[in-house]
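Order-wise, the sequence lines are chains B and L. The opening position of the first sequence corresponds to residue 1 in the working numbering, with each subsequent residue numbered one higher. The opening position of the second sequence corresponds to residue 313 in the working numbering, with each subsequent residue numbered one higher.
One or more of the hints may lead you astray.
[As the list claims (entries may be wrong)] Stretch-level coverage of chain B by chain L, calculated; a stretch enters the list once three of its residues show a Cβ under 8 Å from a Cβ in chain L: (1) 41–55; (2) 141–152; (3) 194–201.
None of these hints come from the bench; they were simulated from the model. For every residue, glycine included, the Cβ atom is placed at its ideal position computed from N, Cα and C.
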Amino acid sequence: MISQLDVPTVRRRRSRRPAWEEPPSPAGQAAKGTLLVLLVAAVLVPMWAVLVTSLSSRETIDAAGGMVMVPRGIDPSAYVTIFSGGRITQAVWISTLVTVLGTTLSLALTVLAAYGLSRRGSVGHRGLLFFFLLTFLIFPGLVPSYLVVTGLGLKDSIWSLILPSAVSVFNLVVIRAFFMNVPGELLDSARIDGAGEFQILWRIMLPLSRAVIAVIGLFYAVGYWNAYFNAVLYLDDNDKFPIQRVLQSYILAGQSPNVSGTPVNLPGMTAYPPTLAVKMAVVVVTVVPAVIVYPFVQRHFTKGMITGAVKG
Amino acid sequence: MSTQGAAGVVDTPAVAPAAPPGRTRGRPRRTLRARLVRDWPLLAMAAPAAALLLVFHYLPTLGNVIAFQDYNPFVGDDPLDAFLHSEWIGFGNFEALFSDPLFWDAVRNTLTITAFQLVFFFPLPILLAILLNSLVSGRVRGLVQSVVYLPHFCSWVLVVTFFVQMLGGAGLLAQEMRQAGLEPWNIMTNPDGFIVLVTAEAVWKDLGWGAIVFLAALAAIDPNLYEAAAADGAGRWRRLWHITLPGLRPVIVLLLIMRLGDALSVGFEQFILQRDAVGRDAAEVLDTFVYYQAITTQQWGLGAAAGLFKAVVGLVLILTANRVAHRLGEQGVYSRS
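Could you build all of it, start to finish, from the sequences and the hints given here?
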């Protein structure tokens with residue numbers, strides 16, 4: 001059942017309404033349409049408002065009394081401000097570094113372990129699998145985790161944002177399920193040709209599972225880019241703050257001044273509160289990476305999600 | 313792959329393990345040594361990930377024993393040394409914890425939010441999936457899907473920011489109301505409406521994403537069932553009730569169990585981001601309690617006790633819910649084996 005679940009979402013209903021189905025009532029159609037429009041608007045309106053405001057001049061913002069919905073000319077000065085060095089440029093670099101390093105490490109570890117656990121009957125297979133899966137039921141608390149990470153000297157190191165969350169067993173189970181579906185004959189023939197396990201993984205498994213690895217890679221990357229709480233826990237040094245931490249202190253801290261830690265001041269901007277356009281530009285910069293990558297892997301979501309949700 | 317096999321988290325090993333490849337009939341079972349020689353690359357591949365889990369998952373899990381200590385980081389050179397030299401105080405931390413009214417406030421808030429979201433959030437992705445599934449036009453459906461999945465990829469910081477900019481005191485809504493001559497109200501700092509606010513945020517972020525798994529389950533329902541029911545005179549709503557919902561039931565039960573096991577977690581970042589805006593009374597949940605009452609004040613033993621309490625309750629909840637599901641003839645999260 002499960003393997004048939006990843007039906008291409010778009011094509012399935014291409015055919016017309018089946019003959020036995022009663023024609024839709026106009027009222028029902030209208031209600032459905034309204035609901036869908038509202039749903040889409042609920043997502044797109046905030047994003048639109050933020051984007052337009054970030055590109056608006058001070059006059060346009062003043063005229064609108066705050067958030068701008070209707071663009072009047074494009075003024076990129078907010079982006080010039082945040083990318084001309086200083087805290088936000090720095091934070092974008094840190095977040096990019098953490099995301100690239102973290103995703104690479106996570107994918108490598110996860111793929112290797114998924115392959116290592118994909119052969120039933122290998123030495124220690126059951127015990128090792130149990131070791132990985134038990135993490136679904138048993139959680140370490142916040143305090144001991146904090147003590148371990150700080151005890152390893154990772155406080156104020158960007159590795160504290162990477163290592164504790166580097167292996168997601170959930171993702172591992174998804175990739176492993178995929179590997180296990182690869183026909184055994186393929187592996188046997190490779191083995192007869194003298195391929196070792198590493199070669200089989202590299203030459204056969206990886207090319208066959210590019211799609212699922214792309215999705216898992218996106219999940220990891222988004223996780224690293226979006227991580228906020230670890231940065232609250234483990235980082236005290238303003239210079240190492242990732243973008244989410246800066247965004248929080250920059251925008252939300254004005255609303256709630258005591259949120260965990262000191263507000264970040266932008267060098268050269270401390271005299272003035274940041275303009276709304278600059279704030280919104282930071283929001284855009286924080287959203288954009290996820291939005292850019294997303295369309296490339298979207299069509300594989302169902303596959304990744306289902307195997308994962310049902311398996312794990 | 314059947315649901316039976318797939319629904320088991322703990323991958324049930326085959327009853328009789330298949331003979332390892334290359335093993336010839338009649339020969340005695342390979343020695344451990346021979347199997348090690350054959351399989352060491354697999355072990356080596358799993359080792360780095362296992363090592364990380366050992367250090368960052370299992371070591372802290374064991375570290376929970378400081379819940380029974382008056383743990384003091386300053387009696388040793390490093391946490392391990394401090395642990396060895398800290399005083400054991402039995403259930404002292406638990407007594408302090410359970411007599412702390414703030415702790416029970418946090419537990420109550422957490423459970424209230426869980427219950428509220430179970431009623432007002434949990435069913436929504438199911439409804440959305442049914443709605444999307446009923447669309448005849450594939451193009452509309454694909455378009456709506458692409459849009460509603462998107463917020464899942466926003467961090468909590470972003471979600472809260474969007475809500476502040478839309479509904480907050482200086483947000484779009486307040487701005488429009490002011491221009492219309494109305495008195496704007498600030499939803500973002502109102503403790504009474506906080507539970508609705510956090511649920512709305514959660515819905516905004518994960519409604520579409522949550523629908524994916526139900527969409528897949530809907531696609532797996534045999535269309536012939538619908539046709540046969542229609543031929544027998546079942547209308548739209550009867551088909552929904554007698555075919556669609558039973559088809560979704562295994563997935564619904566699975567997700568319910570997982571949600572129940574997580575009853576004491578309602579998300580961390582969402583609350584820590586907004587706790588100070590609406591105040592502790594409404595927004596302190598168990599996780600933020602641990603953060604503020606243990607980590608920022610360095611009451612390590614107390615925090616560990618709260619964490620251990622949460623982990624044990626969670627484990628009991630998930631095992632119980634799963635047992636009940638089995639009694640009711642459902643698959644549950646893992647199979648009996």
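Results of checking the hints against the structure:
Counting residues of the region 41–55 of chain B whose beta carbon lies closer than 8 Å to any beta carbon of chain L gives 8, which reaches the threshold of three, so the coverage claim holds. With a cut-off of 8 Å between beta carbons, the region 141–152 of chain B has 12 residues touching chain L; three or more are needed, and the interface restraint holds. Taking a C-beta to C-beta cut-off of 8 Å, the region 194–201 of chain B contributes 4 residues in contact with chain L, enough for the three needed, and the coverage statement holds.
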